[in-house]
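Q: Line by line, the protein sequences give chains A and B. Going from the first sequence to our numbering is simple: count from 1 and add 14. Going from the second sequence to our numbering is simple: count from 1 and add 18.
Think of the hints as simulated: they come from the structure by calculation, not from any bench. Mixed in with the good hints there might be a few duds.
Covered, in the sense of this in silico footprint (three residues per stretch, anywhere, with C-beta under 8 Å from a C-beta of chain B), are these stretches of chain A [unchecked claim]:
#	stretch
1	37-44
2	76-83
3	89-101
4	106-116
5	136-150
6	204-215
As a list, the in silico EDC-like pairs of lysine to aspartate or glutamate whose alpha-carbon atoms are at most 20 Å apart [claimed, not checked]:
#	chain 1	residue 1	chain 2	residue 2
7	A	Lys156	A	Glu45
8	A	Lys156	B	Asp280
9	B	Lys271	A	Asp91
10	A	Lys112	B	Glu129
11	A	Lys112	B	Glu37
12	B	Lys276	A	Asp30
Heads up, the beta-carbon is just placed ideally off N, CA and C, and yes, glycines get one too.
Chain residues, written in single-letter form:
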Amino acid sequence: MDSTTLYINQTVKLKDNQFILNNKETLSTKEDGFSPLGKAAYKHLKSLYPKYYKMDPLCKMAFLCSEFILSGTELSDEQKEKTALIFANSSSTFATDKKFHAGIGEIPSPALFVYTLPNILIGEVSIRNGLKGENAFFIEPKFNALLLVEQISTIFDTTDTELCLAGWLDYYDNTNYEGLMILVSRKPDNRILNSEQLNNIYN
Amino acid sequence: MAFFIASNIINSIGFDTEEQIGNIESYTTGITDCDSFSGQTTAPIATIDQQKLNSARLHLKETLTRFETLSILSIEKALNNTTVDLNNPGTLLILSTTKGNIELLKTKAPENFDGHVYSAAENIARHFNCHNTPIVVCNACISGVLALLTAKRYLDRGKFHTIVAAGADVASDFIVSGFEAFKSLSGVPCKPFDKDRLGLSLGEGAGTIVLSNKKPTDGKDYIRLQSGATANDANHISGPSRTGEGLFLAASKALQGKTNIDFISAHGTATPYNDDMESMALSRLGLQSVPVNSFKGYFGHTLGAAGIIETILTAQSMLQNRVFATLGLENPGTIEKLNVSNKHTDKELNKSLKLASGFGGCNAAIVLEKNG
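Go ahead and model the full structure; you've got the sequences and the hints to work with.
A: Below, the structure is given as structure tokens:
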């Protein structure tokens, strides 16, 4: 089992109406809530990705975080096949579940139903960037750095994974949301991937 | 190393593996007309007999939801055949589900909603006095296979010696109306790989496999989870890649260059797209002549439980050297020809491939080996 050190190459935090890229506040809004922040971020990133508008808030959060991390990065086809995506949250897709549930009596929407699975956020980021590596989504009562570190380490040790996008993305409603996304690889960097480091970044 | 040491299945055709096999042998399906969801669909659904469930759960003292009851019963029944105690620090429970207690949205106001998946996991863990917090895999229809793969990966890390992987999902207005909205439900019991297949049949169920890092020493044949992988199509969030890209990649990685596979348990949901996609992936892998089946004609698509239930049946197939029929199949009709049959046949099976695919473009594949 190859246990070479893994490094956190990039981080994006989504908290208190701010996007914080690698510890530097990158974007913020005065207005409270993810909706205005998301709109501002999408404009700022100039993603030009029409599918964005179909996404539910959880997927938008994931998309935007991944755009901050990956824009400007050119990945080869081989790297795309070896990029894993590992995520967790506590809410699963609660906000969208409530919306879908409310529509059951009338005309349930297939466009909404598809977003009632948390791993769809992995799908959206995969489609956007052509990423075909390992996938995993877990539900935890709160942010669990150890779970993420163990899952990421295992994936690197036991598969041909070269890059990993991972994190915690929770969305309960417009004013109750938070996110942390990291990019991990064997490329040496200041921050080593371990629970302590990840907890520091999260807190 | 990850060896299967015990298992259990609860679904519309039985409350244990023996009952399952009995109904499979007699070509019996649990997919039937269902009044409970007549408001959402006219499609038949494979529900679990409520009276049977009520008598099976008489000994459970706590107030539990249907989802929690099924999960606990399945885990209990699997553990009954072992000396495994989840209170032991070297053990771990891994749960797999797509929507858990989502039906609680009907009875609880959103602000009082206690149906979050992690709450259900806590309730289940409390029942077994689990030493370690359970891990919950929630990755659409590959959840069950991913839970098993996660179990193997954790056993290989050496942190645990025994892992219980349990998957469950219950039928609910939420799930039924969702698939109905997608128009993916078949008006008749599903017909995997059939040229006239109309869609999937939903089913509820629970499946449990107890995995150990120690090879069984009772002299009987045993099954080992040898390898596995997942991969994303990176193509569409609700439809599979037309070229079976993700499934091809996952299976390639799981097979590690070896193609001496004797049997394939496909995802085989009987939707027009899925079955075509699987035939393409298998053809690309050079496995189109290997006997392949879908178990979903017997008890429907059990979502979070599917990967576990169908892996148990794959293991049983290997232990009995029997390829079970694809129930519902009359005339094969997939883009690439497959070696499918609607009759049970005997065949020596030493190595099998289990496949799964799900919304979000996710795909998973695991390889099982007998006495390896």
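Q: Tell me the numbers of any earlier hints that the structure contravenes, in ascending order.
A: Hints 1, 2, 6, 7, 8, 11, 12 are the ones this structure does not satisfy, whereas the remaining hints hold.
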